[in-house]
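Asker: Read off the chains here:
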Amino acid sequence: MSPTNLTKKKARIFVPPSNLKDQLSRPGGTTRDDAVKAAIAGVEMLREKSMDAIDQAIEAVEAVAQEGMKGALTESNLKDVLRNADEIVELAGTFRLENLDAAGRSLCDLVGLLLKVSPYPAEPIVVHARALRLFAPGRPSLSAAQTEVILGELARFRAFFEARPAGTP
Amino acid sequence: MEKSPRLNFNGVTALLAEADRHSVSFLAEILRRFGLENQHCVETGAEAKVYMQRVAVDFFFCEAALPDMNGLDLVRWVRRSAPVPYVPIVLLTGYSGVDAVVGARDAGANLVVKKPLSPQVLFDRLAWMGLGTRKFIETESYVGPDRRFKSIGPPDGLGRRSTDLSQDVGQATEPNMTQAEIDAMMKPTKLAST
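Residue numbers (this note's numbering), protein chains in the order written: chain P, 1 to 169; chain X, 1 to 194.
Hint data in this document are derived by calculation from the structure and do not stem from the laboratory. Errors might be hidden in some of the hints.
[As the list claims (entries may be wrong)] Facing chain P, a subset of chain X residues (Cβ under 8 Å, in silico):
1. 19
2. 26
3. 33
4. 34
5. 38
6. 40
7. 41
8. 43
9. 49
10. 115
11. 116
12. 128
13. 133
14. 137
[What the hints assert, rightly or not] Straight-line C-alpha distance at most 27 Å; calculated BS3-like pairs for lysine-lysine:
15. 37(P) <-> 49(P)
16. 49(P) <-> 79(P)
17. 70(P) <-> 10(P)
18. 79(P) <-> 114(X)
19. 49(X) <-> 135(X)
20. 49(P) <-> 135(X)
21. 135(X) <-> 10(P)
22. 135(X) <-> 114(X)
23. 49(P) <-> 70(P)
24. 49(X) <-> 21(P)
25. 114(X) <-> 49(X)
26. 114(X) <-> 21(P)
27. 114(X) <-> 10(P)
28. 135(X) <-> 37(P)
29. 116(P) <-> 79(P)
All C-beta atoms, glycine included, are put in the ideal place defined by N, C-alpha and C.
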């Protein structure tokens, strides 16, 4: 059947009923600058709790990495790592912890690649876990050169698994 | 002269569908600081459906990857089956590749906001959705904000001239937009001062 034989339903275009504009435009309220300032202060109040959460998420990745070194990782292990890495990225991004954010993103990408190969190797997770710990809040800050080396190593792992055909052990 | 809009969120309601406890606490806190106190948080798509069947909310924030369902499917459900299908929907995503944004657009979300959330971005998006008067379009394959900015002629295809365009929505004749093009269409534009 050619597309011209298809009966096309007419599109209905309309302004949806809503009183949201009236609600938002009522007297009072807050300006953008004030609202943003208050929101930034509000998020900042969550910093301490968030730093603890980062620490716990890194610990969880380390635990899986350690477990993986004893035997083969499972898909469920990798999904746990992904969930924790995602949490690290979310928190590191919010509080502008750039290196931690980069290492967390690298781990997310890596797990995506590892899920295509079996058995799942633990070494790349171990190295990423170490990098996360080095970039964790409260740790001594690293020089730009050291940071570059670490992130470069993480990138090498990703490149290796990217180049590896799916399904090869 | 005040350039940015002054928004009164008092009494405005929002549903937050997000399973990640950190994401939801950041979002809830930002909205609270904007003055949007009436929030209800759910963790799953199923809970969001149940809530929306009972309560009409003014904004719906939906994570793209909920534990029990894809956020895009939930957006489609809202547009097709919810009692209030025209609610402004913000899809929250950690991954904002072109496919993800195109998927969100085609599902009928008003906007896609990348995580981690920025208060500036969020405020501007809320102002744009809340104060703007964007039309909706309902077709067999799409229900959601009308993203076209071109005049397509009189309604129902009843033009007086042979050159008038009909409103039939056929197959796409151009490739999907790039991320930059989507951002350009979705980003807030100058609002009329009230």
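Asker: Hints first: check each against the structure and report whether it holds.
Answerer: Tested hints:
1. 19: violated, 10 Å
2. 26: holds, 6 Å
3. 33: holds, 4 Å
4. 34: holds, 5 Å
5. 38: violated, 11 Å
6. 40: With a minimum Cβ separation of about 17 Å from chain P (threshold 8 Å), the hint on residue 40(X) is violated.
7. 41: violated, 15 Å
8. 43: Interface hint status for residue 43(X): violated (14 Å vs cutoff 8 Å).
9. 49: Hint violated; residue 49(X) Cβ to chain P Cβ min 20 Å, cut 8 Å.
10. 115: Hint on residue 115(X): holds, closest Cβ of chain P at ~6 Å, below 8 Å.
11. 116: holds, 4 Å
12. 128: violated, 11 Å
13. 133: This interface hint holds because 6 Å falls under the 8 Å limit.
14. 137: It holds, given that the least Cβ distance between residue 137(X) and chain P is near 5 Å, below 8 Å.
15. 37(P) <-> 49(P): holds, 20 Å
16. 49(P) <-> 79(P): Holds, at roughly 24 Å.
17. 70(P) <-> 10(P): violated, 63 Å
18. 79(P) <-> 114(X): Holds, at about 22 Å.
19. 49(X) <-> 135(X): Answer holds: residue 49(X) to residue 135(X) is near 24 Å, not above 27 Å.
20. 49(P) <-> 135(X): violated, 42 Å
21. 135(X) <-> 10(P): Since the Cα atoms of residue 135(X) and residue 10(P) sit roughly 16 Å apart, the hinted pair holds (cutoff 27 Å).
22. 135(X) <-> 114(X): holds, 24 Å
23. 49(P) <-> 70(P): Since the Cα atoms of residue 49(P) and residue 70(P) sit roughly 32 Å apart, the hinted pair is violated (cutoff 27 Å).
24. 49(X) <-> 21(P): holds, 25 Å
25. 114(X) <-> 49(X): holds, 23 Å
26. 114(X) <-> 21(P): holds, 25 Å
27. 114(X) <-> 10(P): violated, 34 Å
28. 135(X) <-> 37(P): violated, 32 Å
29. 116(P) <-> 79(P): holds, 12 Å
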